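*Asks:* Sequence:
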Amino acid sequence: MADETVNEIIRLLKKEYPGVRIALHHSNPLELLVSTILSARCTDKRVNEVTEKLFKKYRTAQDYVNVSREELEKDIYSTGFYKNKAKNIKKLSAILIENFNSQVPDNMHDLTALPGVARKTANIVLSNAFGKVEGIAVDTHVKRQSLRLGLTVNKNPGKIETDLMALVPKSDWGIFTLLLIHHGRRVCKSRKPMCGECVLNSLCPSAFSFG
DNA sequence: CTCCCGATAT
DNA sequence: ATATCAGGAG
432 MADETVNEII RLLKKEYPGV RIALHHSNPL ELLVSTILSA RCTDKRVNEV
482 TEKLFKKYRT AQDYVNVSRE ELEKDIYSTG FYKNKAKNIK KLSAILIENF
532 NSQVPDNMHD LTALPGVARK TANIVLSNAF GKVEGIAVDT HVKRQSLRLG
582 LTVNKNPGKI ETDLMALVPK SDWGIFTLLL IHHGRRVCKS RKPMCGECVL
632 NSLCPSAFSF G
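For the first sequence, our numbering assigns the number 432 to the initial residue and increments by one for each residue that follows.
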């Protein structure tokens, strides 16, 4: 895989989706952290529906600590995995209060030490809440399209991230994920990719096999 | 590797 | 009915 191919992919997607922005609604780092945790195996549409009410009720880490686990579970129920998510959000909130003056840490080491937070979530928060870049967030869309486009042959998200970091210019690490998520939801879908409408069609090794 | 898990598209 | 959705932990 030549670096030029990746640059062309990024150029075409930027042109197709100018001003692409993160779809998860948030107004501060804590909201983005919670929103990203809730987005695991759940559509961002539903996450935004849930957080619209959630963020009016829970404004600080202390608010998540104060409420009972059962009540928080009910408040995030429809996002799925609600027991794990509620437990992690409560536990993580206690850590923020105890160790970080109730604030969300702005570095990879501290973020990934939080329960329910691994590199994907940390990369999203770092890039979109703090303007920092320490890696490339590899979610289901980035994984699927990186494989289809031939940017990696690995299926492990950690290895995919390493492969992508070697190919994508660091100045594009943040927007790369946003572009692929946007494109993956509209065109390069998991079940029925719309290759006929894809701006990457001519340089995608998988285009023919998807008609 | 399995488990967590509701909601929606196909 | 089944696959999939801004994953992560054990």
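Hint data in this document are derived by calculation from the structure and do not stem from the laboratory. Don't take each hint at face value.
Pairwise CB distance ranges, derived in the manner of DEER restraints [what the hints assert, rightly or not]:
1. G450 / S637: 26 to 36 angstroms
2. S602 / N515: 14 to 24 angstroms
3. N538 / G450: 39 to 49 angstroms
4. D494 / F639: 15 to 25 angstroms
5. P600 / N497: 21 to 31 angstroms
6. K563 / R500: 46 to 56 angstroms
7. E628 / F561: 26 to 36 angstroms
8. L634 / R452: 37 to 47 angstroms
9. R616 / N585: 21 to 31 angstroms
All values derive from a computational prediction rather than experimental measurement. Where is the CB? At the ideal position from N, CA and C, for every residue including glycine.
*Asks:* Which of the numbered hints are not met once you compare them with the structure shown?
*Replies:* Violated: hints 2, 3, 4, 5, 6 and 8.
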